[in-house]
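Make a model of the complete structure from these sequences and hints.
Going down the list, the sequences are from chains F and D.
Take 1 as the starting number for the first sequence in this note's numbering and just add one per residue.
Take 271 as the starting number for the second sequence in this note's numbering and just add one per residue.
Hints are supplied without guarantee of correctness; some may be wrong.
Unchecked claim - Taking CB as the label site, the calculated pair distances span: (1) A159(F) - Q400(D): 51 to 61 Å; (2) G45(F) - E611(D): 51 to 61 Å; (3) F275(D) - A54(F): 42 to 52 Å; (4) Y632(D) - E32(F): 55 to 65 Å; (5) E611(D) - A159(F): 26 to 36 Å; (6) N235(F) - E611(D): 13 to 23 Å; (7) R482(D) - K209(F): 49 to 59 Å; (8) N235(F) - P299(D): 31 to 41 Å; (9) T219(F) - D396(D): 45 to 55 Å; (10) A54(F) - D584(D): 50 to 60 Å; (11) G524(D) - R261(F): 50 to 60 Å.
Calculated from the structure, these hints are not laboratory results.
Glycine residues also receive a C-beta, built at the ideal position from the N, C-alpha and C atoms.
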Amino acid sequence: MGLWIPILVIGGTGIVCGAVLAAASRFFAVHEDPRLEALAELLPGINCGACGFAGCSEYARAMLEKGIPVNLCKPGGHETVSRVASFLGVEAVAGERQVALVLCKGDDAAASRSTLYNGLADCAAAELAGGGGKDCRFGCLGLGTCARVCPVGAIEITAGRLAVVHPELCIGCRQCVAACPRRLIKMAPESSLIHVLCNSHDRGPLVRKVCRVGCIACTVCVKLVNEKGIRMKNNLAVVDYEVPLDNDEVVSRCPQHTIERRRLKKTVEV
Amino acid sequence: MRAMFRNRGGVHPAYRKWGTAGAPIEALPLPKTLSISLAQHIGVPSKPIAQKGQKVHAGERIAEPGGYVSSAVHAPASGVVKAIEERPAVNGKYALTVVIETDGAMEDHRPDEADWTRLHPKEMVDRVAQAGVIGMGGAGFPTHVKLTPPPGKTIDTLILNGAECEPYLTADHRLMVEDAARVWEGACILRKILGASHLRVAIEDNKPDAIRAMEAAMKGADDGVALVILKTEYPQGAEKQLIYSVLGRQVPSGGLPMDVGALVENVATAVAVREAVVAQRPLLRRVTTVTGPGIRRPRNVLAPVGTPLQDLVDFCGGLTEDTVKIVVGGPMMGVAVATLEAGTAKTTSGLLALTRRVVPQYQSMPCIGCGRCVGACPMGLMPCTLSEHLEAEDYEAAEELNVLDCIECGCCAYECPAARPLVQHMKQGKARVATLRRQRESQAVK
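Now the structure itself:
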């Protein structure tokens with residue numbers, strides 16, 4: 001008899017709890033769109049936040065419930081957008097793949113560092129403390145804040161303390177663009193070829209003092225392309241990526257070798 | 271009287287004031303060029319009104335306040351405006367700077383006016399604003415804004431800050447010794463503006479000659495006035511610490527001194543206020559201590575605002591060969607600068623040249639959990655825990671541990687046996703937490 005009491009008590013509690021749970025799952029059930037899970041599965045699932053939502057499932061929910069456009073997923077690219085669009089039965093065109101580009105090529109061999117910075121190895125902290133030793137006030141500090149936020153490890157800090165994005169790995173999530181305290185990472189469409197790799201708005205003589213490869217605002221490139229594709233903006237040549245530009249002369253004639261031809265596409269064309 | 275209340279935390283660095291504590295204030299010959307930053311104060315940068323190529327005379331206004339919390343800027347000497355452009359400033363950042371090529375005339379001979387006691391406080395605050403006076407202790411908060419408390423706040427006690435707790439610096443010390451009468455008159459003017467019943471003059475006990483000089487100047491003052499002798503300790507002169515030492519009142523977290531009915535003004539600010547009210551003279555010069563083991567002849571220099579650091583160094587015999595670091599301000603809170611081109615600001619109380627011997631290079635190590643920073647923190651924070659949260663970018667945890675209360679005094683980093691860059695962690699953490707808070711607030715408004 002002594003054995004039956006605990007069995008009845010525990011078993012009875014279990015039955016009661018089971019009944020309560022069964023009732024709760026019936027009456028308090030949250031009705032979720034059955035498509036949600038399947039839709040979230042179609043997204044890359046790296047939760048980069050580039051679409052503007054807190055992770056892939058939030059974006060999927062927003063597409064279903066609020067009718068948010070389906071082409072916001074940047075890392076997924078064309079494939080994902082077409083899959084999502086066919087799943088939801090809508091038409092959508094993916095924007096061109098955008099690739100992050102560090103607008104500085106002044107590594108330690110080219111740009112001077114006249115002071116020693118031995119504080120926190122973080123660009124934002126160094127910027128607060130007066131620029132981390134780099135003499136150019138616009139250039140890359142090379143302490144790797146962008147590399148640390150990159151979800152796919154596409155940014156390399158070279159031995160010369162310069163951040164370089166590997167375009168074939170970049171998913172275009174823009175985390176690095178937001179993280180850089182000097183705002184020198186920009187997005188470029190993958191079809192673009194010619195890039196001005198400098199962010200310095202200082203006048204030419206000042207740039208020359210601190211960097212061998214900085215834009216000195218000589219305007220040679222701008223004149224060559226007749227202001228189509230490259231324009232001067234406050235002592236800096238800026239590429240206008242809206243205009244397709246494929247002109248090797250601007251690369252060879254740039255006296256500072258600031259302008260580079262760089263392919264950003266993933267595959268090699270034959 | 272002695273201060274009755276003892277602050278928590280604090281440190282006792284080597285003071286090294288003997289190099290300049292006995293050196294009289296010397297006027298610097300007018301430099302050839304002056305670069306006057308338009309972002310010397312806290313708040314909106316000033317807007318330049320002078321044009322490039324324009325001839326300006328000494329005391330002429332060259333920039334207007336850019337907003338409510340802002341300040342006017344004047345030409346310290348006559349000359350021609352050579353450039354208005356971004357240049358390095360003494361805080362290590364770049365700021366819009368007016369460069370003046372001087373032509374030798376500096377003095378602005380305006381006689382003292384008659385009795386200031388008949389002026390209305392509003393008129394006096396207006397004169398302070400016109401003169402571009404900002405807090406000269408280091409932070410550079412526009413004085414006229416501080417003197418206009420919002421309705422409903424009453425200030426019963428004005429504290430004149432002559433603590434000068436930073437090692438090396440003696441600018442305020444010499445000012446009190448040599449110019450006690452004007453310091454005192456400035457304090458009386460400030461008291462009248464605020465309508466404060468009490469006035470406390472607070473000086474650390476390592477400056478007996480300054481205490482004697484101020485006592486002599488204060489002779490015959492009414493019952494509301496007292497001189498408070500503080501224990502020599504860093505950071506005794508920090509606003510919140512000073513209020514606690516003198517009055518035993520604790521400024522609440524996130525609050526201002528006026529929340530406890532107190533207001534602190536630096537002695538150099540008092541002199542600037544006196545000049546502004548009595549003679550309508552704008553703030554054009556200040557005393558800067560040029561010292562440190564890397565300076566050949568340490569001095570207290572009276573120099574116009576905008577004097578290039580190089581001119582100050584040259585006036586004091588130049589740098590020794592083993593100088594490795596130039597710091598603007600004191601060694602605890604000062605900012606290391608990369609160039610001697612920058613011009614001094616109204617807040618530049620010191621210029622230190624430090625040698626290899628006093629600036630050893632440490633490798634920062636992981637926290638060993640000894641808690642010495644917790645004991646040293648005058649705000650009662652836990653710098654060790656905070657720095658670990660900030661290293662992990664956990665800003666919410668840092669906010670919960672009141673990172674925003676940090677006054678960046680440097681006591682924690684001074685004590686840390688693992689040589690961790692604690693203050694830098696705090697500075698960055700404060701900036702990030704403040705941004706996050708603003709984002710949250712703007713979202714809440716939406």
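Results of checking the hints against the structure:
Between A159(F) and Q400(D) the Cβ separation comes to about 56 Å, which falls inside the hinted range of 51 to 61 Å. G45(F) and E611(D) have their C-beta atoms about 52 Å apart, which keeps the hinted 51 to 61 Å range intact. Separation of F275(D) from A54(F) is about 49 Å and conforms to the stated range, judged on CB atoms against 42 to 52 Å. Between Y632(D) and E32(F) the beta carbon distance is about 56 Å. The supplied range of 55 to 65 Å therefore holds.
A C-beta distance of roughly 31 Å is found between E611(D) and A159(F), which places it inside the suggested range of 26 to 36 Å. For the pair N235(F) and E611(D), the beta carbons lie near 20 Å from each other, so the given range of 13 to 23 Å is met. In this structure the supplied range 49 to 59 Å holds for R482(D) paired with K209(F), their Cβ-Cβ distance being about 52 Å. Checked against the given bound of 31 to 41 Å, the beta carbons of N235(F) and P299(D), roughly 36 Å apart, stay inside it.
Between T219(F) and D396(D), the C-beta spacing of about 49 Å keeps the proposed range 45 to 55 Å intact. In this structure the supplied range 50 to 60 Å holds for A54(F) paired with D584(D), their Cβ-Cβ distance being about 58 Å. Separation of G524(D) from R261(F) is about 54 Å and conforms to the stated range, judged on CB atoms against 50 to 60 Å.
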